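*Asks:* Read off the chains here:
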Amino acid sequence: MSKLPDPFREGLARGWKATNGEAGLPEQVQCDVVIIGSGAGAGITAELLTKAGLDVVLVEEGPLRTSTDFNQKESEAYATLYQEGGGRRTMDGALTLLQGRCVGGTTVINWTSSFRTPAPTLKYWQDEFGLKDFTEEGMSPWFAQAEKRLNMLPWQAPPNANNEVLRTGATKLGISSDVIPRNVKGCWNIGSCGMGCPTNAKQSMLVTTIPSALESGARLFYQTRAQEFDIEGDKVKSLVCVPIRINGEKTSDKVMRVTAKHYVVSGGAINSPALLKRSKAPDPHDLLGTRTFLHPVAFSSGVFDQRIEGWAGAPQSIYSDHFVHNAPMAGPIGYKLEATPMHPGLASNLMGGFGKSLAERFQNYPNTQLMLALLRDGFHPESQGGTVILNVDGSPLLNYAMTDYVLAGFKQALLTMAEVQFAAGAKKVLPLHEQGVYYNNWAEAKAAISAFEMKAYYVGGGSAHIMGGCRMGGTAQLGVVRPDGVHWQLSNLSVHDGSIFPTSIGANPQLSIYGTVNRLATQLANRLSGKTVALV
Amino acid sequence: MGKAQSTVNLTNNVSFFAELSPTEAKDMVDRSIDHPLTPKRRWFLKTALAIGAVGATLGGLVFWHRGMSNGKLTEHGRDVFRGLAIGFVGPMLPQDPAQREAVLEGHLKHLEVFLNGMPNVLQIEINAVAGLLGNMPTRKLLTGLGPSWTKASEEDIAQAIETMRMNPLPTTRLTYQVVRAVTCMAFFSNSDHWHLVGYPGPVQI
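For the record, the sequence lines run as chains A and B. Everything in the first sequence is counted per my numbering, starting at 161 for the first residue and increasing by one. Everything in the second sequence is counted per my numbering, starting at 915 for the first residue and increasing by one.
Derived by calculation from the structure, the hints in this document are not laboratory data. Some hints here could point you the wrong way.
Chain B regions said to be covered by chain A (calculated; three or more residues, Cβ under 8 angstroms) [to be verified]: (1) 1000-1012; (2) 1032-1040; (3) 1106-1113.
As the structure is a prediction and not an experimental result, all values here were calculated from the model. Ideal placement from N, C-alpha and C gives every residue a C-beta, glycine not left out.
Starting from the given sequences, assemble the full structure and let the hints guide the process.
*Replies:* If you want it as structure tokens, here you go:
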């Protein structure tokens, strides 16, 4: 347990209003704006609306855990901070989905990589979805404010060996690589970002915007599930919430009804469209839940003579966009190269194998570098994403099938990563694929990977970036929400999270959410209060 | 042209049906599935097999042993998950029998906590998988393993897991992925097992 100061607990002791649903909820709550969620979109929105003097309520499904709880143990982190106890997957079980579910949302457990929405992505949105104001110049000030507010700067310390391998290999092959900007302040470089930052260095919503909103009087209800909206005509009348345990089980049949002037859905992709589906929100063009995108991620392990210790140090500090920049939208899928932190639980899943082969892989564990390629989804006719549907209990399922086009991208990415790892000096390379074994040189790996059968459950992969499902569009035919985030058919409901992206981002999406929501929430604050506010 | 001939020579079916009364024609409509070479027959057999497999599976889930009950691993659940642990991480366990048993017992306790931390829907799915692997007929179907996991040798367990891993049926390969993820995540995220993999543990703050 961290012995460092815990500003969140200090705030609670000073009187911040935070209620654990499991301990009991009031029957009625009234406010100006209720925000569902407390992650990237919710945090930015809460800070701006409270700055405008609005009475804000935050409803978070997950538990409240703060820095003194973050003991760097995967066993506790996955169970308490992640969706479905870390067990969320696509409906067919082929891809693991890592998404946060706690106060602060995914910003509590992400690896801090901070990229603006790439210009080609914004251009695609303008051309295909009528988002004419989403130009690089138009978005730049919104990103700049978020970068300043959350201290996003290129990582100054030397990259850990896990990341340095990527830079070394890229340099040897003559492809570009660069330093990743991270949202940290006084980072201890211990590498446990995925389990919650025990030093409060990560500038997540848990230590920035949520405290700021609570300090300004916002009320937080956690372990409280937004069950459904009560809708009449083109208006939301109220939000019905239920108290839950950490594993999502309802604790009672009592409900809390929240009545507000405006409702902001910030539950994240998958959960936000699911809430609207449970509420039977109008969807005249059958768009809700569709075009839900991942960055499907392929993995490759390289074994080196020297110790890598991929668990230590900033998880991601070097990237290469060579295979994104050189991938035209209409061509094969582009992919971004990064490193993956290697704590034992995560590593056991990403190295594959069982019995003797798994034991051999763990013998190499301290000397193993784990590279990832995140595939840019949603820009090609054969990459149209998945659809969120409801399970029998009302919980969301993501029906996402990997097409041959996406699987071809996996194969190409596995080839690239093996080549980069060998170029960096790897003695052997292991692609995450059930037909994969250790290969001793690039020629051997190239021949083997080229012959891989790219079929379901042979290809290993996952995703920590889920986007879309409530996409923005310039017309009601093109989007669930307007370019200002307001629902096309519900005038007092907005969506402020990664679900509004019409495609994947093609880069780690947190800054895309902060920047976009900064713009939407600033405008919303002005409309609701008449005041002009800014993040910084 | 006789009825038997009609099912063989499909190209003549049109003229054949023209010679039949409406009742006879109705009776004959699907006779082509009798032919061993027709796509319809292959489709029918596959469908029948699939329906049988689904029925057997559902029967197994409803009437046979489950993996968990009231948040606790049942005897059969312990048998399955202990066997899977030996299959996935056996070579990394201590050689000393008492120490090895202690690690396995600790894993099962940790696994119970791990599973209880999941939403009900996931628990039901994992319980179903444990049921499939715990009951002999479905276990045999999925893994080829006849005896219980406890009675099976390490070689038999390894073979059973390999059968699932590279199975021609996607659903069986999915079963492998699910039990692998559950077993490995529960085992390796447990701080008691860090010393087995060379992970030094977190920095003290």
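*Asks:* Hint by hint, which ones does this structure get wrong, listed from lowest number up?
*Replies:* none
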